[in-house]
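A.B. asks: Here is what each chain is made of, one letter per residue.
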Amino acid sequence: MSELLTKAIAKSEQVNNYLHPVRDQARSRLAASSWPNRKTEAWRYTPLRALEQSWQPSVPSTLSDEALARLDLPQLGSLDLIWLDGHLQAVEGQLPEGLSLSRFSDLSSDHRQSLMQQLGQTKPEHHLFGNINDAMLEDGLWIDVAPNAQITQPIRLVFAATQAMTEVQSRVLVTLGDNAVAHIVEHHLGEVRQWQNQVFELSLGNHARLDHQALYAQQQECLFIGGWHCALGQSAELNSLVLAQGSQLKRINFDVLHRHQHASANLDQMYLLAGKDLFDLHSCIEHEQANGQTNQRVRGLVADQARAVFNGRIHIHQDAQKTAAALNTRTLLLSSQAEVDAKPELEIYADDVRCAHGATVSQLDDQSLNYLRSRGVAKHQAQAMLSLGFMQELVADLKHESARNWLQSYLKQAFWALQE
Amino acid sequence: MLKIDQLFAQIEDKGILKGLSLDVKPGEVHAIMGPNGAGKSTLGNVLSGRDGYEVTSGSASLDGKDLLAMEIEERSHAGLFLAFQYPVEIPGVSNLEFLKTAIEAHCQAKGVEPPSSAEFLKQARQACKQVNLPQEFLKRGVNEGFSGGEKKRNEMLQMMLLQPKLCILDETDSGLDIDALQTVAKGVNDMRSPERSFVIITHYQRLLDYIKPDFVHVLSDGQIVRSGDASLALELEKLGYGWLNAEESA
Ligand SMILES: Nc1ncnc2c1ncn2[C@@H]1O[C@H](COP(=O)(O)OP(=O)(O)OP(=O)(O)O)[C@@H](O)[C@H]1O
Ligand SMILES: [Mg+2]
Numbered sequence: 001m002s003e004l005l006t007k008a009i010a011k012s013e014q015v016n017n018y019l020h021p022v023r024d025q026a027r028s029r030l031a032a033s034s035w036p037n038r039k040t041e042a043w044r045y046t047p048l049r050a051l052e053q054s055w056q057p058s059v060p061s062t063l064s065d066e067a068l069a070r071l072d073l074p075q076l077g078s079l080d081l082i083w084l085d086g087h088l089q090a091v092e093g094q095l096p097e098g099l100s101l102s103r104f105s106d107l108s109s110d111h112r113q114s115l116m117q118q119l120g121q122t123k124p125e126h127h128l129f130g131n132i133n134d135a136m137l138e139d140g141l142w143i144d145v146a147p148n149a150q151i152t153q154p155i156r157l158v159f160a161a162t163q164a165m166t167e168v169q170s171r172v173l174v175t176l177g178d179n180a181v182a183h184i185v186e187h188h189l190g191e192v193r194q195w196q197n198q199v200f201e202l203s204l205g206n207h208a209r210l211d212h213q214a215l216y217a218q219q220q221e222c223l224f225i226g227g228w229h230c231a232l233g234q235s236a237e238l239n240s241l242v243l244a245q246g247s248q249l250k251r252i253n254f255d256v257l258h259r260h261q262h263a264s265a266n267l268d269q270m271y272l273l274a275g276k277d278l279f280d281l282h283s284c285i286e287h288e289q290a291n292g293q294t295n296q297r298v299r300g301l302v303a304d305q306a307r308a309v310f311n312g313r314i315h316i317h318q319d320a321q322k323t324a325a326a327l328n329t330r331t332l333l334l335s336s337q338a339e340v341d342a343k344p345e346l347e348i349y350a351d352d353v354r355c356a357h358g359a360t361v362s363q364l365d366d367q368s369l370n371y372l373r374s375r376g377v378a379k380h381q382a383q384a385m386l387s388l389g390f391m392q393e394l395v396a397d398l399k400h401e402s403a404r405n406w407l408q409s410y411l412k413q414a415f416w417a418l419q420e
Numbered sequence: 001m002l003k004i005d006q007l008f009a010q011i012e013d014k015g016i017l018k019g020l021s022l023d024v025k026p027g028e029v030h031a032i033m034g035p036n037g038a039g040k041s042t043l044g045n046v047l048s049g050r051d052g053y054e055v056t057s058g059s060a061s062l063d064g065k066d067l068l069a070m071e072i073e074e075r076s077h078a079g080l081f082l083a084f085q086y087p088v089e090i091p092g093v094s095n096l097e098f099l100k101t102a103i104e105a106h107c108q109a110k111g112v113e114p115p116s117s118a119e120f121l122k123q124a125r126q127a128c129k130q131v132n133l134p135q136e137f138l139k140r141g142v143n144e145g146f147s148g149g150e151k152k153r154n155e156m157l158q159m160m161l162l163q164p165k166l167c168i169l170d171e172t173d174s175g176l177d178i179d180a181l182q183t184v185a186k187g188v189n190d191m192r193s194p195e196r197s198f199v200i201i202t203h204y205q206r207l208l209d210y211i212k213p214d215f216v217h218v219l220s221d222g223q224i225v226r227s228g229d230a231s232l233a234l235e236l237e238k239l240g241y242g243w244l245n246a247e248e249s250a
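Chains S and R, in that order, are what the protein sequence lines are. Take 1 as the starting number for the first sequence in this note's numbering and just add one per residue. Take 1 as the starting number for the second sequence in this note's numbering and just add one per residue.
Possibly wrong hints are sitting among the right ones.
As the list claims (entries may be wrong) - Among chain S residues calculated to face chain R with C-beta under 7 Å, some are: (1) Thr6; (2) Lys7; (3) Tyr45.
Stated by the list, open to error - 20 Å max Cα-Cα, derived SDA-like pairs, lysine to any residue: (4) Lys412(S) / Lys151(R); (5) Lys151(R) / Leu386(S); (6) Lys100(R) / Leu398(S); (7) Lys139(R) / Pro47(S); (8) Lys100(R) / Gln381(S); (9) Lys165(R) / Lys412(S); (10) Lys412(S) / Asp63(R); (11) Lys151(R) / Gln408(S); (12) Lys139(R) / Lys379(S); (13) Lys379(S) / Glu89(R); (14) Lys100(R) / Ile348(S); (15) Lys379(S) / Ala78(R); (16) Lys412(S) / Pro91(R); (17) Lys399(S) / Gly145(R); (18) Lys412(S) / Ala78(R); (19) Lys412(S) / Glu104(R); (20) Lys399(S) / Gln108(R); (21) Lys399(S) / Glu136(R); (22) Lys139(R) / Lys276(S); (23) Lys100(R) / Gln408(S); (24) Lys139(R) / His400(S); (25) Lys110(R) / Lys186(R); (26) Lys139(R) / His380(S); (27) Lys151(R) / Tyr410(S); (28) Lys151(R) / Gln367(S); (29) Lys379(S) / Asp63(R); (30) Lys276(S) / Gln75(S); (31) Lys139(R) / Ser235(S); (32) Lys100(R) / Ser402(S); (33) Lys100(R) / Pro47(S); (34) Lys100(R) / Lys276(S); (35) Lys100(R) / Ser33(S).
To be verified - Listing some non-contacts, in silico: residues in chain R with all C-beta distances to chain S over 12 Å: (36) Val24; (37) Ser61; (38) Ser94; (39) Glu235.
FYI, nobody ran anything at the bench for these hints, they're computed from the structure. These numbers were taken from a predicted model, which means no experiment stands behind them. For each residue, glycine too, the CB sits at the ideal point set by N, CA and C.
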């Protein structure tokens with residue numbers, strides 16, 4: 001067993017609050033699990049060596065105005081929730097009606113009970129880091145949107161890393177009642193060496209809609225392991241766009257569960273990697289019930305000696321007749337030493353389904369290149385424009401203008417930085 | 001301005017242009033007509049430098065400079081413009097950004113200061129108006145989801161902004177409604193000048209009612225088989241291409 005795991009279990013035993021059933025259960029799961037090695041399929045291309053360092057707990061601190069300005073957050077007209085090294089700052093401003101935000105530690109005993117019923121509902125039991133997150137669970141944030149509430153103002157969750165050599169475990173639960181609408185933006189940033197282990201659990205009621213954008217912009221030094229697990233109610237709709245830059249270790253498990261019929265998930269996932277970065281996206285879409293729809297588009301640009309890992313599993317259960325699921329993944333390699341390991345995994349147990357998947361390492365289109373050059377654009381610049389366009393194409397489809405502008409300009413900047 | 005002499009070109013070992021010669025002087029408008037598959041678009045593509053075409057012999061020059069030795073973008077900087085028969089869609093690259101980059105590249109090649117962003121935007125909007133394209137089209141991906149006619153207008157818009165010396169229009173009139181046809185014709189006529197020449201590839205006399213050509217050529221099986229003045233187009237419209245072959249074999 002690794003030292004990290006031993007420490008997690010030891011620390012877990014010292015925490016004392018009402019969440020102990022979650023911790024206890026996780027501890028026993030951890031005791032029975034083994035640390036991944038080269039032969040562990042789920043971690044084959046993603047070494048965890050970098051985690052074996054001595055991490056300190058992060059110290060709670062208050063975000064000063066200057067520090068806030070340094071974060072240089074774009075104006076999205078959003079309601080902002082800021083975690084500084086894992087510590088949630090006080091939320092300013094009036095909450096829209098129908099939205100409630102509660103720290104796990106602040107809940108009344110009634111609400112504690114319903115929280116305990118929600119936790120672990122969407123997160124798979126076998127995820128090692130999910131269990132570590134459970135074992136260390138002291139606090140978290142619960143975002144609840146009441147049935148029928150239409151929260152159009154984006155709720156922005158900012159996760160900023162500033163304390164070096166610290167370990168941050170964070171936990172967020174999002175629940176949308178029936179017919180509720182919400183828009184959540186995640187912005188992860190920071191340049192220091194930090195280990196972050198994060199779990200998001202989300203549950204959408206019947207006919208609920210969640211629009212979601214996440215930017216994982218943590219730089220090279222940051223080691224990030226995240227689980228994002230979302231369950232869909234009947235006719236619920238999830239529209240999610242993820243944009244990630246790589247770092248020394250960055251892994252996201254992105255799961256969507258069609259627990260009821262007629263739900264739809266539109267997932268756009270992109271990565272832009274350079275240097276010796278790594279980005280590992282494992283997505284798992286479970287169609288448990290009939291008439292569901294998933295449209296997943298994954299695109300990546302990989303430069304230098306960076307490496308992308310993508311594992312896209314779509315599991316269509318026996319009862320999930322008339323499912324329409326499409327997974328398309330395209331990667332552009334910008335250097336001969338760049339690498340991508342992309343693996344779509346389709347498991348289909350229903351017979352009346354429409355399912356398409358494709359994984360390609362793309363080339364720039366010759367005709368497009370010719371077109372740009374014929375208007376005087378130099379070849380190398382035309383190539384760059386097309387590479388960037390390959391990514392912008394997905395962002396351009398975003399309906400929310402402020403989020404779209406933000407991500408477009410972020411992508412552009414990140415891309416040109418990579419060209420230098 | 002443009003001088004093509006005994007040009008032979010092939011695609012994957014298949015000869016398409018078979019000894020084509022053409023001389024276009026400054027200020028002239030030449031129309032090229034001819035049956036499908038004759039090699040009209042190939043001529044435009046070879047001149048603009050598209051990959052995949054191999055010139056096996058002959059020459060082509062623009063203002064005395066050897067076109068065939070230049071890179072695609074250099075030909076554009078030298079003043080050549082081809083309005084494509086089938087403009088490609090490039091989602092993800094905004095039209096505005098594309099135009100701006102193209103203009104800047106031209107300015108850089110000429111060694112002049114590029115226009116400021118505001119100045120450029122003004123020009124682009126102005127050009128939109130001239131070709132009757134709503135300004136929202138500047139924000140969209142290059143030709144992305146444009147209708148056939150809108151793509152052609154976008155080609156015209158680029159031509160207006162780049163102010164080339166030699167404009168080759170490859171069936172820019174195909175797929176245009178009558179109003180758009182007049183818009184294109186007006187665009188060309190406004191740009192006509194003693195220093196600028198046009199080569200207009202078309203299947204229809206109609207466009208030539210609006211843009212009076214100085215010469216009309218018939219391109220058939222990779223060669224110019226007949227040249228004449230504007231009246232040749234009227235004759236072709238009436239008689240088709242059959243009589244040319246009949247004459248040849250007679
Ligand atoms: N990329 C290619 N590969 C193979 N053959 C080609 C290619 N491009 C053109 N050709 C062939 O070359 C010949 C000339 O084509 P071209 O497009 O120049 O004709 P055109 O005169 O422009 O015809 P149209 O009036 O239909 O536009 C045709 O037989 C065509 O099939
Ligand atoms: Mg043609």
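A.B. asks: What hint numbers does the structure not satisfy?
C.D. replies: When the structure is compared with the hints, numbers 1, 2, 3, 4, 6, 7, 9, 10, 11, 12, 14, 18, 20, 22, 25, 26, 27, 29, 30, 31, 32, 33, 34, 35, 38 turn out to be violated.
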